[in-house]
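S.K.: Residues per chain, in single letters:
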Amino acid sequence: MYDFTSLIDSITTSLNRNFSPFWAGTISMMLLGIVLLLFYAVLGLYLVYAERKICARMQNRMGPNRVGPMGLFQTIADLIKLLLKELIFIRNADNFLFNIAPFIVIVASIMAIGSLPFAKGLQAVDLNIGVLYILAISSMGVIGILIAGWASNSKYSVIGAMRSGAQVISYELSVGLALLCIITFAGSMQFSEIISSQKDGWWIFKGHIPAMIAFVIYLIAGTAETNRGPFDLAEAESELTAGFHTEYSGIKFAFFFLAEYMNMFIIAAIATTMFLGGWLPFHLFQWHGFNRIMDFIPPLFWFFGKTAFVIYVMMWFKWTFPRLRIDQLLALEWKYLLPINLMNLVLIAFLTLMQWHF
Amino acid sequence: MALLKTIKEIGNYFYEIYDGVTSLVRGMKVTGSYFVRPRSIVTQQYPENRDTLKMFDNFKGELMLTHDENNQHSCNVCNTCARKCPNGSIEIIYKKVEGADGRSKKILDKYIYHLETCSFCGLCVPACDELALKFDQKFEHAVFDRSTLTKVLNKPGSSSKASKE
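Residue numbers (this note's numbering), protein chains in the order written: chain A, 1 to 358; chain B, 1 to 165.
One or more hints might be untrue.
Stated by the list, open to error - Incomplete in silico selection of chain B near chain A, CB under 7 Å: (1) S33; (2) Y34; (3) F35; (4) Q44; (5) S147.
Please keep in mind that the hints were generated in silico from the structure rather than gathered at the bench. For every residue, glycine included, the Cβ atom is placed at its ideal position computed from N, Cα and C.
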């Protein structure tokens with residue numbers, strides 16, 4: 001019903017009719033880039049706002065409520081403040097790496113957004129190895145963090161960056177294995193095919209308890225991968241002032257900040273796509289009337305609703321649990337999540353072999 | 001025996017997972033319940049709710065000398081509060097008058113309170129044997145002129161209850 005393929009196609013054909021193939025390609029790429037960048041900035045700002053509101057409510061506070069109605073323009077004001085702030089250059093820092101690090105972080109997350117399926121046909125690139133691509137590209141961000149920590153020439157930064165490196169390298173495994181469970185179910189790494197395999201039910205319901213275990217492990221490991229929540233050792237403001245971005249100021253700091261929130265969005269969006277049916281509406285088995293009503297709700301709403309739910313759960317984690325120590329962090333991954341995940345994967349492979357999932 | 005020990009260890013491993021997950025869920029229940037109950041918000045919207053804002057009974061705003069309906073306070077010029085005050089914020093000016101029995105007696109002239117040096121430690125209030133002092137709930141102390149922070153606490157024309165003989 002809501003299919004964006006024809007819209008995208010009409011834009012492409014009209015571009016091709018009016019311009020030479022080279023210019024048509026350039027213009028479509030630029031349009032796509034502008035749309036994605038705007039989306040990135042606006043969504044990042046409002047995720048910061050949402051986080052501040054949600055954490056305030058969880059701590060019996062009000063949250064921002066002075067700038068604009070209900071404080072809606074607070075983060076925009078913050079952004080303007082950060083844009084106007086001086087960029088401080090550190091005397092003994094490695095200037096080239098110091099300046100390039102925030103861009104590596106932010107480019108990694110922008111590239112990951114490119115392959116997310118927002119609705120039918122609304123996907124910048126539908127790679128046939130989409131899951132692998134996202135896993136690969138989202139782990140590029142840690143290189144930016146390591147470079148930032150190293151180039152700052154500050155002990156806090158370098159400790160934060162090292163912690164972040166250890167954390168991301170170990171939790172990458174859990175994220176990958178948890179996603180591998182769904183890849184085993186769906187038999188494909190292409191996002192569009194994974195979604196179409198969930199037409200008759202989301203994998204979290206179809207895959208029985210193993211899929212739920214995989215979902216929980218994915219949420220934990222995904223939170224760790226974004227350096228958030230109880231796993232924010234890389235920043236750990238009470239120990240390391242601000243961790244890897246201690247020495248950054250102004251808009252470069254804002255890049256790190258924005259990238260953290262967008263990484264959270266990407267993790268939540270992948271969880272939505274893999275476990276919660278992506279942009280597919282919620283269907284109950286034989287209730288055709290109910291299913292028809294659900295079909296009328298646009299897929300963008302479904303996608304962002306499910307993503308918002310997962311983001312809310314991740315914020316819930318962050319504002320409830322105390323921070324882990326570095327040894328506890330590694331013990332959680334290597335002693336608990338990884339063995340459980342491996343057993344789970346074997347179980348899921350068996351379920352798929354016997355065709356026991358719905 | 002070794003087998004038993006291994007089984008125990010494995011059981012312990014799973015018990016730890018169970019214990020960890022349940023305690024995490026318990027914590028999430030607390031924050032989740034705060035999230036869905038807006039009434040649990042404790043923040044006061046101060047400039048807006050200025051008319052209805054009620055401070056707490058034990059809030060230490062500024063010092064006051066309690067007066068009853070006959071405009072009488074119970075200070076007997078013992079000077080204990082002034083001596084207890086770590087900042088010297090209290091100055092008591094008294095005058096000597098001839099009592100009924102012919103002996104000279106101290107009577108409070110001015111009870112001077114320097115709000116600008118007061119640290120609101122509250123040592124003066126329990127020091128007073130006559131229970132003459134109290135903290136009220138005023139907290140808007142910002143003024144343009146520092147001299148207005150020096151206050152005379154006894155009201156004009158008030159007399160002392162403590163002059164009972």
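S.K.: For every hint, state whether the structure bears it out.
M.R.: Right, here's what the structure says about each hint:
no., hint, in the structure
1, S33, "violated (9 Å)"
2, Y34, "holds (5 Å)"
3, F35, "holds (5 Å)"
4, Q44, "violated (9 Å)"
5, S147, "violated (34 Å)"
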